[in-house]
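Asks: Chain residues, written in single-letter form:
Protein chains: 2
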Amino acid sequence: MVSPIQEYLKTLHARYASVMDGHVADYIPELSKADPRLFGICIATRDGHVYEVGDTRHSFTIQSVSKALAYGLALEDRGEEHVLSRIGVEPSGEAFNAISLKEGTGAPFNPMINAGAIATCGQVLPKDEHSRIERILAYLGGFAGRTLDIDQAIYQSESETGHRNRAIGWLLRNFGIIDEDPHETLETYFQQCSIRVTCRDLAIMGATLANQGINPITQKRAIAAEYVDNVLGVMATCGMYDWSGEWIYRVGLPAKSGVGGGILAVLPGQLGIGVFSPPLDSQGNSLRGIRVCTDLSRELALHMLNPAATPRTAVRLAYHGGEVMARRRLPPSARETLRRCGSRIQILALQGGLIFTTFEPVLRRAMQLSDAGCLHLILDLRAVVSADAVSLRLMEELRSRLTQLGVRMVYCQPGRLCQPLMEMGVPASALFATEDAALEASEDSLLLEVTGATWRPSGSLPLEECALFRSCTAEDMILLRNELSTRKYEMGDTLIHAGESADEMLVVLSGNVEVQIRGEGQNRQRIDVLTAGMTVGEMAFLDGSPRSADVVAMDQVKCLVIPRAWFAALTETHPALKISLLHELTREISARLRQANIEVGALQRA
Amino acid sequence: MVSPIQEYLKTLHARYASVMDGHVADYIPELSKADPRLFGICIATRDGHVYEVGDTRHSFTIQSVSKALAYGLALEDRGEEHVLSRIGVEPSGEAFNAISLKEGTGAPFNPMINAGAIATCGQVLPKDEHSRIERILAYLGGFAGRTLDIDQAIYQSESETGHRNRAIGWLLRNFGIIDEDPHETLETYFQQCSIRVTCRDLAIMGATLANQGINPITQKRAIAAEYVDNVLGVMATCGMYDWSGEWIYRVGLPAKSGVGGGILAVLPGQLGIGVFSPPLDSQGNSLRGIRVCTDLSRELALHMLNPAATPRTAVRLAYHGGEVMARRRLPPSARETLRRCGSRIQILALQGGLIFTTFEPVLRRAMQLSDAGCLHLILDLRAVVSADAVSLRLMEELRSRLTQLGVRMVYCQPGRLCQPLMEMGVPASALFATEDAALEASEDSLLLEVTGATWRPSGSLPLEECALFRSCTAEDMILLRNELSTRKYEMGDTLIHAGESADEMLVVLSGNVEVQIRGEGQNRQRIDVLTAGMTVGEMAFLDGSPRSADVVAMDQVKCLVIPRAWFAALTETHPALKISLLHELTREISARLRQANIEVGALQRA
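These protein sequence lines are chains D and Y, in that order.
Last residue of the first sequence: 606 (my numbering), numbering continuous.
Last residue of the second sequence: 606 (my numbering), numbering continuous.
If you are wondering where the hints come from, they were derived from the structure by calculation, not from laboratory data.
The reader is advised that the hints may include incorrect statements.
Remember, identical chains collapse to one label, so a pair may be satisfied in a single copy or spanning two.
[Unchecked claim] The list that follows gives simulated cross-link-like pairs (lysine to any residue, SDA-like), each with its CA atoms no further than 20 Å apart:
(1) Lys488 x Ser510
(2) Lys220 x Gly425
(3) Lys558 x Arg57
(4) Lys220 x Arg146
(5) Lys558 x Gly492
(6) Lys10 x Arg401
Please model the complete structure; the sequences and the hints are all you need to start from.
Replies: Written out as structure tokens, the structure reads:
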């Protein structure tokens, strides 16, 4: 199926393909040879999906688009304050080739005008035996996700005709903005402008800036995260020559254009756009490029200053311990206590990226829960994609304040956040590998608080105390003891194998067993834990289906074995006993179904 | 519990409270009387929560902050193109009181310099018997969410000393940027600058701009949504005088400052910030204000150009029809068919705000599902907060393309989106009030496609075909017919009342019944639907608990009644029959528990 987005881009391309306004740059002979009909549009998403239409794979020279990216390299080489002392970041209100140097210091107004870009070039260091231009090539290649090269013919042409830029170079040398003979800096600058890229490259470069500096396709970092906002900052205020104010006003995307016909635009945090069309307008911006970006911004609602949707609360699901319980079987009385008091355990399942704005509502919610009597708060981090330093700090402050109030807050399934949380001093006791483990700990602790005793049976249970035999008579008990045998398992033994036929049902008399299903590969997922007094494997036993899961001993386990043949024969020999057993089984399965229905309800609550 | 965010703001306030750098504005005598120690910081979230510390309720004059908001009123009165023809939007690179008029036209460079602001004032229309200044007062009051007034002493002082602004006014008149005698425009402008606000007002004004123009506290629209990006656009490029470039570079928030000591900053789509501190730096910006905003941006990671988290896919949950089924009871064979073929029904539960970037991944996911053989796609819109025109259009294009491929796509629980979807031509047959209704329709249609017949029993079922009696003998059937009676219900009759004791169990022989629980108020929620052949009320009947839900006849219903006394007596009189009935009940309840567990697993999948 063809994506409607692809179709939309085709329509947009067709809308302007025949527009023949504007003029191909002719200030150097080589550029004037560009075919004015060439026209490509490309959008790259933050997760690396690329939509493209038209001449998106045609190479052209990057020209001034390089100024924005090379500025990132200068920042990485010299640091922000040093670079700011040489090159300003104020829009000049003048054309790109104006010699706008600040009175007194001679610092160029910003790195997007030629003077600023040449000064930027002078800030890049030759390093590790690589010349400046090699480093710039490699740096820009990181944004594009491929090896880039230089159009030598254009470079020659740039160099032969770059008299005005040479004058700028010498003025910069005069003011001490460039420290050495400007010749080499200027040649590097001419080569930088002559790097060959495609429209697709521009979109991916943009997506890299949208993705905190990580190329979304190669997944390699192209620019240190801390400088992304600086690069986008100068693009936002100075990227489109003396049309920058109007660009932000109308299009609302940090962008940079080049006289080669390229425009690179970025919706911060979201996507990159590349447009390529050589004919330029009077400000030197690609004419079709401006129109395409204006339409894209309006028709796809991409203006960064008026977002219709923004990160909201990170809470994905909220429920309490009376609704959702750990995947384990509890005795009916414990289950009832939890059903009644479970709201003292609250679970907030978070999602997406945690930042100030998405975590702040979580904080408020947690405070409300604490005020309402919550004693255990579980933050489920499973669906959290990332968390910045701010949200991590707020999370930990929340935890320490709650601790002071007697509320125990723990994290479950922190994944990648485990390391940073531990570095912030979160004790291992507040980190759980799974929500189940966290729930289990909270439930045990709550049950102890409420009932004053552990719910766990200790040692071996007599048959009378097993739920299945609850309504058995004294004679029934004698019969059970005489006719049924017990079986012992060591830790790790498998009591029941998935797929086998269900010829018996077991009653755990001591120890614990875990019910597991096999996931992908060797991965086993726990779906239930049972302890002394509980019946195992009764569902397949009763409905005759094959075993649906493995049951494994978690420690030394003793079970009473109820064979199918014996149970079948009861209909004839001791029907009242069979009725009593069936009745108890139905009661227990019904109770679990009721609980499961409550869970489904809680989980479906939007 | 005190919020850590509140605590953080207190620390930030303390950090700068004793800094005594900068000078209170003294170009008019009244302003120089401001107490330099006054200092307030306020953050207002998009949902109207306000954090504040220090002198946030102290009144001061709004001064140049008013320029940004009044520009919105001019746009609303005259339209974008008209206003742009009189006032540019390019940064001038010069100080606020420079007389930067464009060569030729005489248009001020932008509305944030005095010339542009006076021209903006001239664009506001007296209307409905209200003078310009009354309209400006009311307009700004909409942003603040309260009635504002003018500091008459400051106004007098402004008016008495505003010689340079009068010169600008006459120059604008000379170029035809102002159409009439500038006297009245200038007096309006002086009054506008003298409007009294608080630091809290500024934060709420900012939150209003962050919230697409709707005041988050009053929920009233302060500015048309279409002009929000224009106002923020001029703030972004020209809001902080000739420090605007550096502000975006370092702080990264559209903002406007005033010589009264106020700064209003906006994180688009997210929050508003107000800072108030009268001492100014050499550019005329509040000195503590700049420092506070710089720290806030860095320490809370608010720089708009490098967001750590952004709207991601709108998919909240994804599951298929073999995992989650409609809240109704299906005959075992139909349930099995769905378990096997249910992946041809796919449910995408969406959430948050739908915009291009959040809906684009939904589109891709839907295309993959279609390629993988999905025949029914349900978009659950219950948790969707908003959808812009772009995402609505893409949704409908997706639906029409899928229809061509033979995939039926429907929406459920569209809420507020119902109207816009219907206006786009979505037929009523593709809109469902609940996910259940959508699932039901998809399941019925899939079952028909797969099995070639409807699963619904028609007419009255003989006892033999009821699941409960599946393993009964011929003699059992005779006994049942002789000893048990039937009962009829009309549509709307209640078969079972929640809370009552469970003295009987019913088997539906014809018609349909709905199981309902009572929610808030009179609201009833369907949790199950049963049809002929199924057993009703068996769980409470077996475990002796009171009825947990109402059961209501959906049409004419005939039931077989199984009284508790009769069932109890069976143990003595016909134990084999009782065993057979209990066995079937357990089988059915087990099957439902298995299904519920699958649902819980699917819903907990992050």
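Asks: For each hint, tell me whether it holds in the structure or not.
Replies: Hint by hint, here is what the structure shows:
1. Lys488 x Ser510: within (9 Å within a copy, 51 Å between copies)
2. Lys220 x Gly425: neither (30 Å within a copy, 45 Å between copies)
3. Lys558 x Arg57: neither (70 Å within a copy, 71 Å between copies)
4. Lys220 x Arg146: within (11 Å within a copy, 51 Å between copies)
5. Lys558 x Gly492: within (13 Å within a copy, 53 Å between copies)
6. Lys10 x Arg401: For Lys10 and Arg401, the Cα distance is within 20 Å only across copies (16 Å; inside one copy 55 Å).
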